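With the sequences and hints as input, model every part of the structure.
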Amino acid sequence: MAENVNKQKDIQEELKDQPEVPGEEAVEEEHRDSLIFNNSVVEKIVSLAARDIKGVLDLKGGLISGITEGFRGSDSTKGVDATINGKDVVLDVKMFLEFGQSAPRIFDELRQYASQQLKLMTGLNLVELNVEVVDVLTRKDFEEKKQKSIANQIGSNIPGSVNNNGNNDRQW
Numbered sequence: 228m229a230e231n232v233n234k235q236k237d238i239q240e241e242l243k244d245q246p247e248v249p250g251e252e253a254v255e256e257e258h259r260d261s262l263i264f265n266n267s268v269v270e271k272i273v274s275l276a277a278r279d280i281k282g283v284l285d286l287k288g289g290l291i292s293g294i295t296e297g298f299r300g301s302d303s304t305k306g307v308d309a310t311i312n313g314k315d316v317v318l319d320v321k322m323f324l325e326f327g328q329s330a331p332r333i334f335d336e337l338r339q340y341a342s343q344q345l346k347l348m349t350g351l352n353l354v355e356l357n358v359e360v361v362d363v364l365t366r367k368d369f370e371e372k373k374q375k376s377i378a379n380q381i382g383s384n385i386p387g388s389v390n391n392n393g394n395n396d397r398q399w
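Here this note's numbering is used: the first residue of the sequence shown is 228, the next is one more, and so on.
What the hints contain is simulated information worked out from the structure, not anything from laboratory work.
All values derive from a computational prediction rather than experimental measurement.
Incorrect hints may have been included.
[Claimed, not checked] Below 27 Å or equal to it, Euclidean Cα-Cα: the simulated DSS-like pairs (lysine-lysine) are: (1) Lys281 x Lys346; (2) Lys305 x Lys346; (3) Lys271 x Lys287; (4) Lys314 x Lys346; (5) Lys271 x Lys321; (6) Lys321 x Lys373; (7) Lys346 x Lys375; (8) Lys373 x Lys281; (9) Lys314 x Lys375; (10) Lys367 x Lys321; (11) Lys372 x Lys346; (12) Lys305 x Lys373; (13) Lys372 x Lys305; (14) Lys281 x Lys271; (15) Lys281 x Lys375; (16) Lys287 x Lys346; (17) Lys314 x Lys367; (18) Lys372 x Lys314; (19) Lys271 x Lys373; (20) Lys314 x Lys271.
[To be verified] Per label pair, the in silico range of CB-to-CB distance: (21) Leu275 x Asp315: 15 to 23 Å; (22) Gly327 x Glu359: 17 to 25 Å; (23) Ala378 x Asp308: 25 to 33 Å; (24) Glu257 x Arg366: 21 to 29 Å.
All C-beta atoms in this analysis are idealised placements derived from N, C-alpha and C, irrespective of residue type, glycine included.
Below is the structure:
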């Protein structure tokens, strides 16, 4: 029996450097996994992060615009534009600032919070943030504007009210 074991070892030693199938080399398959994020996903993450920051009333194209546009194509990514290059993200954000709040503080908080959320949720790195303040409103003015927009939108969809083209046609 010891003799058979020695023969097996000798044969294994001889075959060690030989391909498994004569005339063919072993082919190793290469698999490449990927995790890709659509720009709109990154934009939504940043949009939600921005709305959590004290002093940001809304993003351009956000709630007020969505209400006045009747929510046609509105989504929570408006006001944020993301460019993804590999693992790096460049963001352009347009926002309404609350009167009396510090724009530099809001910018710093947005940079930190958006960067943290992007890294946590996607593994992407925020490399550039550009913020444009498109308007400054008091919270009271913002709430009044929002209420008027809601009332106008609801009123234009009620049968018998003034329709969207301004006519007093009854809509039954």
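Let me make sure I understand: some of the numbered hints might not hold for this structure. Which ones are they, in numerical order?
7, 9, 11, 17, 18 and 24
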